[in-house]
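*Asks:* Listed below are the residues making up each chain.
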Amino acid sequence: MPASGPPGEAMDGERARTVEEAAAHRPGRWLVPALVILLVAFSALSLMLGPARLTPAAVMDGLLGNGGVAVVVRDIRLPRTLLAIIIGATLGLAGAALQGLLRNPLAAPSVFGAPQAAALGAVVVIYFGYAEVYSPALPLAAIAASFLSVLVVILVAGESASLVVLVLAGLAISSLAGAATSLAISLSPNAFAVTEIVFWLMGSLEDRTMRHVALVSPFALVGAALLLSQGGALRTLALGEEAARSLGVDVRLLRLAIVTGVAVGVGASVAVAGTIGFVGLVAPHIVRPLVGHDPRRTLVPAALAGAVLLTAADCAVRVIPSASEVKVGVLTAIVGVPFFLYIILRRRAELAGAPA
Amino acid sequence: MTGLPLSVRGVAARLGGRQVLDGVDLTLAPGSLTAIIGPNGAGKTTLMRVMAGLVRPAAGTVLLGERLLASLPARERARAIAYLPQGGSVAWPLPAADVVALGRVPHGGGPATGRTDPAVSRAMRATDSEAFADRPVTALSGGERARVLLARALAVEAPVLICDEPVAALDPRHQLAVMGVLADEARRGRAVAVVMHDLALAARYADRVAILASGKLVAAGTPQAVLTPAILADVFGVHALHEERPDGLLVLPWRPLAPGSV
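Protein chains in written order, with my numbering: chain L, 1 to 356; chain P, 1 to 262.
Since the hints were derived computationally from the structure, they do not count as laboratory data. Backbone N, C-alpha and C define an ideal beta-carbon position, used for all residues, glycine too. Any given hint could turn out to be false.
[Unchecked claim] Which chain P residues face chain L? A few, computed with CB under 8 Å, are given here:
id, residue
1, ALA52
2, LEU54
3, ALA78
4, TRP92
5, GLY109
6, ARG152
7, ILE231
8, VAL235
9, PHE236
[Unchecked claim] Residues of chain L clear of chain P, computed beta-carbon distances all greater than 12 Å:
id, residue
10, LEU38
11, MET48
12, PHE128
13, ASP207
14, ALA233
15, ALA238
16, GLU242
17, LEU247
18, VAL249
19, LEU256
20, PRO289
21, PRO295
22, ARG296
23, ALA323
[To be verified] Pair ranges (Cβ atoms, derived):
id, chain 1, residue 1, chain 2, residue 2, range
24, P, GLY87, L, ARG211, 46 to 56 Å
25, P, GLY16, L, SER322, 53 to 63 Å
26, L, LEU345, P, ARG188, 46 to 56 Å
Work out the full structure, taking the sequences as your base and the hints as a guide.
*Replies:* Right, dumping it as structure tokens:
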């Protein structure tokens, strides 16, 4: 038998703050209700804004099918608002899930080139004339391409996924997708195809119909279900892959579910709205400190925050004075890229320390 | 939940084309702390990963009690074997108590219920980490973080506990304290394996010592039988001070031996 040693008494001893007392400090109970209220407010605003500004009362009338504004509200602004909510939520959730999987706050669909790859997938389909705009071939091609891009980045970055490797791999993928898309444009046989392709490059929610909503919804739901199913595993993964596996987490299944969920959601979103970047990067970042950095409890608030951000951005493009409407994908990039730089700035020490 | 031996029989493992384990036989007995020592690159970590069920051996079997480890569902295995990887880090600034509560995941628990889970409180008390229960784990010192991660492994309350270098980041006082905790866990009936480099701690706290060198088990037995000057010279190339004291064995590496003098 070993000597009993000094430890026993050294490690006991009463502490003023017990583990139980700490339970009172759970953050973020108010977060989801607050985000829902914000989302409702911006959705209402989104139904009111446009070339003709409507009062809340007129919007209510229109939604109920009364009055002359019913067509404007129900057929033009409602699909646009619904798409902003669905796609914003999809992007926010996808970003939170990827950040959890890679244990890295710089991970996001757009950093991986997933939207660019999805756009390429859609462009290829349009270019070869395989599909008209409402065909499911478009989202399927976009999903396949974004699946491939996320998978390649994850495989290249490897399990440790240092910031530098991750960002470089994503840069390579989006450059490749961008170049291939440019090639498709320059080889385009006619001006109509060029117009169609340019449509994918500048994400927008303008002139969408309920058919677009119907097209994206099932994919968004499946993707969200896949991502949300892995919440517990993502949380355990905070300890690293080895420890997570020792706690019974199937890391391979986790990785497959996240990559598939992200590809399905982001791919379908790009298929109906083009590339809208950086919502997936920003949304989880805003909510994470408010939920105690728990990867599982980040998921739903990140989805809500994404929906709020995109709905708000889509309202903003309608009030920014310009000759033609600013594309919402351009706006999210203009806001998102400085944010991305800001995160890099804050983690500069870590980046500098990362092995080249 | 106590009283399950874990044994490996003729285990071999390859890593990137290199043979890292070769015909290793070892049993972790309930109620016993086994120190696994050996030079760098001897295969200690791989052996721990094989025993934890995280790596399938290229040959040989791993038995938990009388059952093949490979045949166990992941969750059952996770309840039976707690594994503390080497130099672990936590990706997010989670509160320390939530990190410890992750040890309850195989039992259906986790951070949501962790604050009221007695196993979490016990583990934090045992590792003297209650004082920073609410602090972000990423803001802790290396030693504090190591204790929180050990508490996470203890919170599983598994019959088998495997720790890969749990004292590497600790100051002397906490090295002794943590080894004492692990010895206590063994005395409660668990089978405990600890990879370590500190021969003095191995001599003082281990019931059994197993020495790995170049993927082979070269010696296993009581510290008195295994940590002999001859074996230490042979395996590590060091001359060690060696003294039987009334309260235990003192082994202290003293100077390297010249190459070829072994």
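*Asks:* Are any of the numbered hints broken by this structure? If so, which, sorted upward?
*Replies:* Hints 5, 7, 8, 9, 14, 15, 16, 17, 18, 20, 21 and 22 not satisfied by this model.
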